[in-house]
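Chains A and B are the protein sequences, given in the same order. Residue 124 in numbering that gives the first Met the number 0 sits at position 125 of the first sequence; the count goes up by one each step and never skips. Residue 69 in numbering that gives the first Met the number 0 sits at position 70 of the second sequence; the count goes up by one each step and never skips.
No lab work stands behind these hints, which were simulated from the structure alone. The structure presented is a predicted model; accordingly, all values stated were derived computationally and were not measured. Keep in mind that a hint or two might mislead.
[To be verified] A partial selection of chain A residues facing chain B, derived with a Cβ cut-off under 8 Å:
hint : residue
1    : G101
2    : S131
3    : L135
4    : L148
5    : G149
6    : S159
7    : T205
8    : P208
9    : P240
10   : A242
11   : F245
12   : G252
13   : A256
14   : L257
15   : F260
16   : W264
Note that the Cβ used here is the ideal one computed from N, Cα and C, for glycine as well.
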Amino acid sequence: MPRTRRTTRCCALLAALFLAVAAGRVAAQTPADDFKQSCSSCHTIGGGPLTGPDLKNVAKRKDRAWLRRFILDPAGVLASGDPYAKELLAAAGGVQMPPVAGMTGDRADALLDLIEAESAKERSKFAGSTVSDRPLTDDDVEHGRAVFLGTTRLENGGPSCVSCHAMGDIGWLGGGRLGPDLTKVFERYKDRRRLAAWLTAPATETMLPTFKDHPISDDEILGLVAYFRHAAAESEEDTAPRALVFILLGLAGTMGALVAFNNVWSGRFRSVRKALVENVRKGGA
Amino acid sequence: MGSANHLDFLLYGAFPYIAMVLLLVVTIQRYRQRAYTYSTLSSQFLENRQHFWGSVPFHYGILFVLLGHFVAFLVPRSILWWNSHPARLYILEITALIGGLLSLIGFVSLVLRRGSNNRLRAVTTPSDWILSVMLLVQIATGLGVAVFYGWGSSWFASTLAPYLWSLVKLNPDVAAVVPMPWLVKAHILGAFALVAFFPFTRLVHILVIPNMYLWRRTQVVRWYGTNQGRVEHRKRSAQDQQQR
């Protein structure tokens, strides 16, 4: 067999082997974990409404086929003009349920079974957030700011908020630009209980995979809620041209590096061949 | 996995393995069959002025940026620890941006040099041109991510490093990649495309230089200018052989 063909076959076999092993190892998740990560930021089971409705006995309010369809594609159901979906949207203050990453029919069925089983209990473990509802203090605001900036590391190893989010009071080069500015986030949630529940299991497609194994602790959430409430009242969203300043600093540094390269290697490298040529011209070998 | 994610799984869950297999098998096969092609065929002798402003900034810039990517992948906690003070985060991000800009300036200079010099065009292969386009796109998307979606050193370490480790553990979890902006996704895809194309290009020189210089005996390379020089060299060579 020619070598090229053997190599091609070897590549194909190895790639197929890798893919078979990888495809067979898709991680399984329990419905309870799924509910905690994907639903509990907006829903309770028996703990009253948050951003979304309380799901206790939801199967008695609407048939299972509709619920399954809504979980799989909330935007699609709403776009179809469904009156019940419109009612839910109005009750949530216009906040539309986001699509749940990787949702399948089997997952939706498992979640609906879980909600039914938890609804039958006197108190579900998903009845609400465990974050304290004591009055917030200035110390809480300071603690929350430190957690946001990362000067106090997150207990469970999660990244600090500043990695992806800006706030109006950070200054310097500001916060990250992957996620939205959070200066007014408290106004959007209106209620510290809702915000705390959301932070317990952040359910956006970007935050869910990042925080599912590194949840924000109750103490950190309390501080962040205090900081967000304070910022919403005291600061404005960060509109300064931070990215432009960042680029200008980068360009200045690049110019500096080029000047340094020029100085360090002024007598070397560039002149190796030139020196040899000049030597030959002067009559050397 | 929902049907909407099949393309994502193919691009970010399957393609990386195809790229890695190509890298391993073809790199070894090329070394065994065509060992003398393991070089980047220096063109410094053909053009030496513009070469400096291309090669030096490009290599120092790209090495620093690649080192940052590897550290964030291998020891993500070290980056998160460093970034735990905003001032340190800003220093790292600005330094990385400088590395990226040096790479861009250097590489654009190298490409222009190849395109504008007849002698260099003659020794440039189609694979070189394809690689040039791929590298330019990769550097441009990387800079775009740094500017439009800062602070990548932190969110890469906490979001994308676990994705890369899931690939290493043969348990690909593309959930972290799927919601990323298209620029970030293009940068990731471009990186694996470069891994796949690596063994077919002059990039293989990364595997052979300057590795041996680290442990081999010192070697003096000199220009024999006079007959006396040649005589001295022969004498020293003979002495060396006797000592051995």
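Here's how the hints hold up against the structure:
1. G101: holds, 5 Å
2. S131: violated, 26 Å
3. L135: violated, 24 Å
4. L148: Holds. Min distance 6 Å.
5. G149: holds, 4 Å
6. S159: holds, 7 Å
7. T205: holds, 5 Å
8. P208: holds, 4 Å
9. P240: violated, 12 Å
10. A242: holds, 6 Å
11. F245: holds, 7 Å
12. G252: holds, 4 Å
13. A256: With a closest approach of 6 Å, the A/A256 hint holds.
14. L257: holds, 6 Å
15. F260: Check passed: Cβ of A/F260 comes within 5 Å of chain B, closer than 8 Å.
16. W264: Holds - the Cβ of A/W264 comes within 8 Å of chain B, reaching about 7 Å at its closest.
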